[in-house]
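Chemist: Quick note, the sequences are listed as chains L and S, same order. Counting from 1, position 159 in the first sequence corresponds to residue 186 in my numbering; the numbering is continuous, with no gaps. Counting from 1, position 235 in the second sequence corresponds to residue 248 in my numbering; the numbering is continuous, with no gaps.
Derived by calculation from the structure, the hints in this document are not laboratory data. For each residue, glycine too, the CB sits at the ideal point set by N, CA and C. It cannot be assumed that every hint is accurate.
[What the hints assert, rightly or not] List time: in silico DMTMM-like cross-link candidates among lysine to aspartate or glutamate, alpha-carbon distance up to 20 angstroms:
(1) S:K52 - S:E64
(2) S:K134 - L:D204
(3) S:K96 - S:E64
(4) S:K134 - S:D107
(5) S:K134 - L:E207
(6) S:K96 - L:D288
(7) S:K150 - S:E117
(8) S:K274 - S:E258
(9) S:K274 - S:D249
[Said to hold, decoys possible] Quick list of the computed label-pair ranges, beta carbon to beta carbon:
(10) S:I91 - L:L37: 48 to 56 angstroms
(11) S:N61 - L:N134: 40 to 48 angstroms
(12) L:N309 - S:N112: 50 to 58 angstroms
(13) S:E154 - L:V313: 43 to 51 angstroms
(14) S:T98 - L:T161: 55 to 63 angstroms
(15) L:R320 - S:G50: 54 to 62 angstroms
(16) S:K52 - L:A31: 29 to 37 angstroms
(17) L:S307 - S:S74: 49 to 57 angstroms
(18) L:P260 - S:G151: 55 to 63 angstroms
(19) L:R320 - S:E171: 47 to 55 angstroms
(20) S:S74 - L:F217: 32 to 40 angstroms
(21) L:T264 - S:R175: 48 to 56 angstroms
(22) L:W61 - S:R128: 39 to 47 angstroms
(23) S:N112 - L:L159: 43 to 51 angstroms
[As the list claims (entries may be wrong)] Chain L side only, calculated, beta carbon under 10 angstroms to chain S, not exhaustive:
(24) I67
(25) E196
(26) A200
(27) L210
(28) V223
(29) R318
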Amino acid sequence: MRYAGRDWLLFGATGLATLLVLSMLGIIIGVVLWQGAPVISAEFLTSAPTSDMTGGGILPAIYGTVLLTLLMTLAVVPVGVATAVYLTEYASPRSRLAGIVRAAVQNLAGVPSIVFGLFGLGFFVLFIGRGLDTALGASEPVWGKPAVLWSALTLAILTLPVVIVTTEEALRAVPNDLREAALALGATRFQTVLTVVLPNARGGILTGVVLAVSRGAGEVAPIIFTGAANFLPYLPTDLRDMFMHLGYHVYALATQSPNVDAARPMLFGTVLVLLTVSFSLNLIAVVIRSRSRAALRA
Amino acid sequence: MSTAPPAISRAVPPRSEQDRAPSPTKLVCENVFVRYGTKIAVNDVSLNIEECRVTALIGPSGCGKSSFLRSLNRMNDIIEDAKVTGRIILDGEDIYARNIDVVEVRRRVGMVFQRSNPFPKSIFENVAYGLRIADMKGKAEIAARVEESLRGAALWDEVKDRLDESALALSGGQQQRVCIARALAIRPEVILMDEPASALDPIATARIEQLIRELREKYTIVIVTHSMQQAARVSDTTAFFYMGELIEHGDTEQIFTSPKKRQTEDYITGRFG
Numbered sequence: 028m029r030y031a032g033r034d035w036l037l038f039g040a041t042g043l044a045t046l047l048v049l050s051m052l053g054i055i056i057g058v059v060l061w062q063g064a065p066v067i068s069a070e071f072l073t074s075a076p077t078s079d080m081t082g083g084g085i086l087p088a089i090y091g092t093v094l095l096t097l098l099m100t101l102a103v104v105p106v107g108v109a110t111a112v113y114l115t116e117y118a119s120p121r122s123r124l125a126g127i128v129r130a131a132v133q134n135l136a137g138v139p140s141i142v143f144g145l146f147g148l149g150f151f152v153l154f155i156g157r158g159l160d161t162a163l164g165a166s167e168p169v170w171g172k173p174a175v176l177w178s179a180l181t182l183a184i185l186t187l188p189v190v191i192v193t194t195e196e197a198l199r200a201v202p203n204d205l206r207e208a209a210l211a212l213g214a215t216r217f218q219t220v221l222t223v224v225l226p227n228a229r230g231g232i233l234t235g236v237v238l239a240v241s242r243g244a245g246e247v248a249p250i251i252f253t254g255a256a257n258f259l260p261y262l263p264t265d266l267r268d269m270f271m272h273l274g275y276h277v278y279a280l281a282t283q284s285p286n287v288d289a290a291r292p293m294l295f296g297t298v299l300v301l302l303t304v305s306f307s308l309n310l311i312a313v314v315i316r317s318r319s320r321a322a323l324r325a
Numbered sequence: 014m015s016t017a018p019p020a021i022s023r024a025v026p027p028r029s030e031q032d033r034a035p036s037p038t039k040l041v042c043e044n045v046f047v048r049y050g051t052k053i054a055v056n057d058v059s060l061n062i063e064e065c066r067v068t069a070l071i072g073p074s075g076c077g078k079s080s081f082l083r084s085l086n087r088m089n090d091i092i093e094d095a096k097v098t099g100r101i102i103l104d105g106e107d108i109y110a111r112n113i114d115v116v117e118v119r120r121r122v123g124m125v126f127q128r129s130n131p132f133p134k135s136i137f138e139n140v141a142y143g144l145r146i147a148d149m150k151g152k153a154e155i156a157a158r159v160e161e162s163l164r165g166a167a168l169w170d171e172v173k174d175r176l177d178e179s180a181l182a183l184s185g186g187q188q189q190r191v192c193i194a195r196a197l198a199i200r201p202e203v204i205l206m207d208e209p210a211s212a213l214d215p216i217a218t219a220r221i222e223q224l225i226r227e228l229r230e231k232y233t234i235v236i237v238t239h240s241m242q243q244a245a246r247v248s249d250t251t252a253f254f255y256m257g258e259l260i261e262h263g264d265t266e267q268i269f270t271s272p273k274k275r276q277t278e279d280y281i282t283g284r285f286g
């Protein structure tokens, strides 16, 4: 009897915990939908905000987020995939260098994102940017100021661990038989990687890329100091321009607006768009992953 | 697969006197050792492999026959810790010499693995793989070579209408013949086979064995097998390995009818292994 009672207790406790998680998600989505949906309109999605941020739309923020994420992807994928290829295909399992790189990747993943922001400011904007200006003899800062380029590179470093770890997993999932088959046919190691290993790891690598993108698209801390603008009524056209960003725009609307109460509908609308982007990216990652698993089993 | 399976004993033509005539030596192996770390897998093996003959390597699991086979096309290179010493001479050239191009060795000494491992590509692209990585460009030339190789692997008639289908959709035996065709496409001189039929049913096995006998016309074949019946059916000479050492090597008929060493006799009569 005593044991049966405990069993019920545990069942209740675990069930409650599950319910709690579900209700949290439900409340977040519910409130955002309820408050945000009425704001969403064609005009909201295609026009710039008014200067007091209580009206207009969020097009510059959507555009900036897309541009930033695209640039970040261009930077992170080649470096991340190349690192993973080195770790799994070239480094010996007992290589010290590989061990150090893996430890570095793990530690990189644990660094708080605000630290990446400060690093981006110090390294990219001030060190590289200012350095370039000095080298080119510019009288005014051209490169040495916050810009979408520096934000993208900072985010690339932040998302590098995701890409490396998922790519490594994907490469290891490629059966060794296939590598041996290619090598036995006279393929070089490089040809084996290029023609057999990478194509068969495509799904896993893509999953990693999408996960990195969805992580990068929502991060705000790394871009505060490196390129995000409070308010920018035009769309950036140059890598050295600043940009608006959905996540940062949420922060700005909630804390920096001259009239926070009047800006609230805009705030919820922006959150809804940001959540939609994040969720759809995650959904894409899940679909790609399940498809690539199915393809490997076939 | 529509025709009735041939009896296995009839699948392989009987050997004629001419088969046993001496043939020039293709591969000379002298004092070959293979070590994995501190473990010695192949211990001082010297063995000559004759041209256009089938040489079977037999012995119990872990006897070193596969390790020895993999040293013949330097596939042990890719195993961490593996170290091969001694000399393996292919047509007068030591394949472990310093100036030797491993890629060239592997193109001359092809390999078929125990588990069929076609690439997840079409049948055509599987067979064409070795040609493409060697930069063969001409479309017609590649198509001709693919057909030639599939015919060589006795698979052409079964797949000629569906070359664009995935090789993974084929049966196990057909997949293994795709792998053989893929190896043939780059026109190797020697083909190594590591238990090529161990995962196949008896009918598919019989086809592979028949194929091996046919391939012997043009290629030097070294086959590792667990099955002594298979060694007896397909090979001209047999080498018996035990605990990393080569115990006995000779005419297959002699090995199976009047082995000179006690261990060989114990193994082939099924007393252990």
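Chemist: When the structure is checked against the list of hints, which entries are broken? Sort them ascending.
Modeler: Hint check: 1, 3, 4, 6, 11, 15, 16, 19, 22, 24, 25, 26, 29 fail, others pass.
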